[in-house]
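Visitor: Knowing the structure of chain A, use the given hints to seat chain B on it.
Protein sequence lines correspond, in order, to chains A and B.
If you're matching positions, the first sequence starts at 0 in numbering that gives the first Met the number 0 and goes up one per residue.
If you're matching positions, the second sequence starts at 0 in numbering that gives the first Met the number 0 and goes up one per residue.
Just so you know, the hints here were simulated from the structure itself, not pulled from any lab data.
Incorrect hints may have been included.
[Stated by the list, open to error] Listed below are the simulated SDA-like cross-link pairs for lysine to any residue, each with C-alpha atoms no more than 25 Å apart in a straight line:
1) A:K395 / B:L24
2) A:K378 / B:V21
3) A:K378 / B:A27
4) A:K283 / B:L24
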Amino acid sequence: MPSVYLDHQAATPLLPEAFEAMRPFFGEAFGSASSLHQHGLRARDALAEAREQMAAFINAESADDIIFTSDGTESANLAVKGVAYANQRRGNHIVVSATEHPSLLGSVEFLEKQGFTSTKVKVNSEGFVNPEDVRAALTDKTILVAVHHANHDIGTIEPVRAIGEIVAERGVPFYVDAEASAGWLTVDVRALNATLLSFSPHKFYGPKGVGVLYRNRRARLDGVLHGGVQEGGRRAGTENIPAIVGAGVAAEVAARDLMQRAAHSARLQRRLWEGLKARVLHLKLNGPEPGPRRLSTNVNLSAEFVEGEGLLLMLDARGIAVASGTSCVSKSLKVSHVLSAIGLDHSLGQAAILLTLGKDNTDADIDYVLETVPQVVSKLRGMSPAWDEFQRGAVKSAIRN
Amino acid sequence: MSDAGSQQHDLVMDHFLNPRNVGDLPDADGVGEVGAVSCGDVMRISIQVRDGKIAEARFRTFGCGTAIAASSVTTELVKGRTVEEALKFSNEEVSAALGGLPAAKSHCPVLAEEAVKAAVEDYLKRQNVKRKT
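Excised from the complex, chain A in its bound form (with noise of 0.2 Å):
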């Protein structure tokens, strides 16, 4: 049976010349940066020339801009939670978007407890943000605007240059999620006037363990994790070197296959959607067409009733790994936020699957999901009552286009 994998945005596999770089940090380069002696030297060295390596990727103009946590989620709560506690006595309000992921989101509402307030800015039925909300909803009391650079489930890829700008000229500090978008879209911090910026390298090849938070050195931070001097004393805690090393080798490559990948992966993107589109009826795809206002590895759908769940396990005994829009995990609404956000009729949204496509993924895989997503939808329909009774004629289908 093929195995065809399209969940980059879960996981990708580690490039072998990553870990080629970090296998040294498993023998005999195992000091701890911290350690004064020699081995500690080495890898200090090698924490150095890692943040090198991450600040050429976003184009950052120091590698002192550059914070190694453990991962996006860690990344998300030190910049919220961190520029807040820095700027509380300049004010308290914060603006986000809907369809921040669930770490930023969740900051946020951690922060609301304790006094602070946020203005979520809408999105449109696409995903996207205008950007005079955005300027509608600063306040003289705003220390953080945060909007991320593409959607982490609907691939939306927002106006982040221009919410920058008029983010920049209050003089408030930006937080660009770039989680989703880095090693697929060139990330700049100085073209996006961003402050703050994340990205996880395991997205992108590099391994799981390692987070970077790009802070502009001007900009106030303080820290979330305490007790120690690591990364400016910003985030304490001994370093994870393997990781890092391997993540710098990562950006490295990243930085240079970029346009390679890019294009690669919307070449497949399009045949994916417009395969899909043609042999199944009742599709809908859930955020913007493919083209430069979506990321060229973001395929999100909704195969009308059926339920996503059901059909991510099918098609993973088929061999296909994708995600699903929705967890069954509890008898409540299980529709992602962003989907809510713009405005999906519950039952696609109960439908939704995301499918994210990387640079191994071939013409044959498309051609094997082509072939295996029609069969696996129509035996879902086959026990669906909702598909029964559109059959009949009771129900009518929730797609508008």
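Guide: Frame of chain A, contents of chain B only:
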């Protein structure tokens, strides 16, 4: 916290990938439909009753893999039971027949129990109507 991969349990996967008794009974004596798309799952069970016993059962389910597996195993479990027995049908039987389910999936067998009871109640209601007319 549960890290168990119970979702992938062989019995669940078998009933999910090879579901038994899918569809509707064209001459059903009772039909029960429970749940709503807006809360995640819809389950419809139709039954045929002969001599006070469930002779046939079919299902249609919109839901996750566990919901489909629970429906499938339920149609097997209720076959041959008397109407009185079916009214006492319990979600615990469904869980047990699937080799146990994680707490997060406990609503699936509950839905199956409700669907069976709704189908039997529908049957009894139809019987009452018949008697009166």
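Visitor: Are the hints correct? Go through all of them and say.
Guide: Do the hints match the structure? See the list:
no., hint, verdict
1, A:K395 / B:L24, "holds, 24 Å"
2, A:K378 / B:V21, "holds, 10 Å"
3, A:K378 / B:A27, "holds, 23 Å"
4, A:K283 / B:L24, "violated, 31 Å"
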